[in-house]
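There are 2 protein chains.
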Amino acid sequence: MTLTAVIMAGGKGERFWPKSRTNLPKQFLNISGNKSMIQQTISRLEKLIPLVQIFIVTNELYAELIHIQVPDLPIDNIIIEPIGRNTAPCVGLASIIIEEKYPDSTMIVLPSDHIIENEDGFVHILKTAIEVSAEGNNLVTLGIEPTYAETGYGYIESSKIVRELNRLEVHKVQKFVEKPDLRTAESYVEQGNYYWNSGIFVWRNKVIQNYIKLLMPEMHQLLEEMKLSFSMENRNTIIKKLFPLMPDQSIDYGIMEKVDNIYVIPCLLGWDDVGSWTALERINTKDDNGNVIIGNTLNVDTKGCIIESNGKLIATLGIEDLIIVDTEDVTLICSKDKAQEVKTLLKELKVQNLEKYL
Amino acid sequence: MTLTAVIMAGGKGERFWPKSRTNLPKQFLNISGNKSMIQQTISRLEKLIPLVQIFIVTNELYAELIHIQVPDLPIDNIIIEPIGRNTAPCVGLASIIIEEKYPDSTMIVLPSDHIIENEDGFVHILKTAIEVSAEGNNLVTLGIEPTYAETGYGYIESSKIVRELNRLEVHKVQKFVEKPDLRTAESYVEQGNYYWNSGIFVWRNKVIQNYIKLLMPEMHQLLEEMKLSFSMENRNTIIKKLFPLMPDQSIDYGIMEKVDNIYVIPCLLGWDDVGSWTALERINTKDDNGNVIIGNTLNVDTKGCIIESNGKLIATLGIEDLIIVDTEDVTLICSKDKAQEVKTLLKELKVQNLEKYL
Chain A
2 MTLTAVIMAG GKGERFWPKS RTNLPKQFLN ISGNKSMIQQ TISRLEKLIP LVQIFIVTNE
62 LYAELIHIQV PDLPIDNIII EPIGRNTAPC VGLASIIIEE KYPDSTMIVL PSDHIIENED
122 GFVHILKTAI EVSAEGNNLV TLGIEPTYAE TGYGYIESSK IVRELNRLEV HKVQKFVEKP
182 DLRTAESYVE QGNYYWNSGI FVWRNKVIQN YIKLLMPEMH QLLEEMKLSF SMENRNTIIK
242 KLFPLMPDQS IDYGIMEKVD NIYVIPCLLG WDDVGSWTAL ERINTKDDNG NVIIGNTLNV
302 DTKGCIIESN GKLIATLGIE DLIIVDTEDV TLICSKDKAQ EVKTLLKELK VQNLEKYL
Chain B
2 MTLTAVIMAG GKGERFWPKS RTNLPKQFLN ISGNKSMIQQ TISRLEKLIP LVQIFIVTNE
62 LYAELIHIQV PDLPIDNIII EPIGRNTAPC VGLASIIIEE KYPDSTMIVL PSDHIIENED
122 GFVHILKTAI EVSAEGNNLV TLGIEPTYAE TGYGYIESSK IVRELNRLEV HKVQKFVEKP
182 DLRTAESYVE QGNYYWNSGI FVWRNKVIQN YIKLLMPEMH QLLEEMKLSF SMENRNTIIK
242 KLFPLMPDQS IDYGIMEKVD NIYVIPCLLG WDDVGSWTAL ERINTKDDNG NVIIGNTLNV
302 DTKGCIIESN GKLIATLGIE DLIIVDTEDV TLICSKDKAQ EVKTLLKELK VQNLEKYL
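Those sequence lines, one after another, are chains A and B.
Using the numbering used here, the first residue of the first sequence is number 2, and each one after it goes up by one.
Using the numbering used here, the first residue of the second sequence is number 2, and each one after it goes up by one.
Be a bit skeptical, because a hint or two may be false.
One copy or any two copies: either way a pair holds, since identical chains are not told apart in the list.
[As the list claims (entries may be wrong)] Straight line, CA to CA, 27 Å or less: simulated DSS-like cross-link-like pairs of lysine-lysine:
# : residue 1 : residue 2
1 : Lys-357   : Lys-304
2 : Lys-339   : Lys-241
3 : Lys-128   : Lys-228
4 : Lys-351   : Lys-304
5 : Lys-161   : Lys-36
Honestly, the hints are just simulated from the structure, not real lab data.
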């Protein structure tokens, strides 16, 4: 059995605009530490998996960036989606490409742009997840123990029946649930058997392929067609032709929600999806006035703000609860409670033919 | 009788930071229109006075800027104060320098950094003020009819006895009063015989010199000493030596408040002292959301803001009542109600050894 990883790196990170841009989205930025998020994701995985067994699914725009940021990654390990689809086609495509090289493999599927502080804990949990995925037709997911009633995440409801393995709890998944409203999120946190859906999955390639065949037969058909026509030279041509026919479906919706034997391993790990600018408040230390300040600033009578300078002096006076992000050609000033709506600015840029700022 | 003007142009315009800087203060900036404020001040005066009879009092730092912005002004008409003093020494020094060239002159004294929209009205009022100043020992000042209860200006209380001249009212001044609190300002506006102190004065040079001799004898002494030692070559040397001994007093306090025959001519004229960033709300048209927007911006859910871009895209979302000013090396984000306190940032810059941003 070969251990492999599939990093999903096609996201646009729009809520991190204006730092995240069409040609340099969030996963390629240093949000914390001195490596980009995708470099950090790879470093974490390399504690368990050699780089040659790590695959990155992305789109044409970012292939070159990945090559620059992860120069030792074999070019063939960069899988290019010709068109943006959801996670199910991404997983399916990766699974047949990996199968070709490693006929019997276990796959870790994970996003490219999350933070995990506790790397040793992460490795320990992955090892345990691999153990669980080795049994029967199990699928395994990592569930983040909610520290507050977040409404921006999907939740995993777990059965209360628990098995202990390597000092970790392994729960059977009861249900995947969509992003809740605040009251529902609060009840989830209170009930204690709900976890944030981390988007990190572990399964044997054969098992996920079986589920695809069973539950997404049309996609399975397309994948089979791809497999038959693949050669080293024409891989991208075949993908370009057939991938656009794939359904725009998430792996959660297409498979996970319809399968019985899924297990969740709850963890904390200092995980953060860094979903919007307010994430900086969770991953950075605040000053005495509750501000997160990065770079060259001068702040008087300034409270609860997130301020990132790109070199220019950001001088603030008498302000509260604002996000201020200065980049080469754009400065964003946004109230903190609109952090999730930064995308509306991107829409407006398109309306006003200001695509150069996207 | 020669008509002369003295423009006071030594101010720092600190409340207009970061656009106004130590080496380029407000009077040299284009705040409205396509000329700097001092250029606009001179244009207005030139409708009445030839440039050769216009004098500018400033300090060493700004002499070169004046020469660049007003290249046709004779170098000798730039009077350099070696040290920042209040308006009384400024008027005194200008008066003896002008007297040397124009022994019998009427002086218009005015700030360099105010806006006056109605230029023809301004000329008409100046002509009338000159007429009034020709009588006896009269001093004349322009009083701006208050349009609201501003607490940032000094007021002039006028006697209710009115004389009409050239379709204008001429009131005797009752009293100069300091910046009032809001309630007092409101009562001034209600009473109707209070005007904003514009800082624009008209008098005959001989008359003001007599008042200086009478009411500021020590300053008079110094001015006499200067007059005696002046030659074309050593003017600046003499000023450097004696000017620092001058009292740090305003002409209002030193003379105006102590004299009986002062007259105020009330006017509107679209005057604005452009005292802080909120002035932009008075001199610009607001958009439908009450914003004043200058330059490259993208604004969604943005209300009551003053935003000036220097080229960079200023993108705003979900904000209200903020001042945002972007310059080459500084971006200011300030709540509108702290516009008067921008100076505290400048103090803080000094504390933090960040003088390069001053």
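Against the structure, the hints:
Taking CA atoms no more than 27 Å apart as the test, Lys-357 paired with Lys-304 passes between copies only; the shortest distance there is 26 Å, against 33 Å inside one copy. In this assembly of identical chains, Lys-339 and Lys-241 lie within 27 Å of each other by CA distance neither inside one copy nor across copies; the values are 38 Å within and 57 Å between. In this assembly of identical chains, the alpha carbons of Lys-128 and Lys-228 never lie at most 27 Å apart, being 30 Å within a copy and 94 Å across copies at closest. Only between protomers do Lys-351 and Lys-304 lie at most 27 Å apart by alpha-carbon distance; the minimum there is 22 Å, versus 33 Å within a single protomer.
Neither within a single protomer nor between protomers do Lys-161 and Lys-36 lie at most 27 Å apart by alpha-carbon distance, with minima of 39 Å and 75 Å respectively.
Going down the numbered hints, you'll see the structure goes against 2, 3 and 5, while the others check out.
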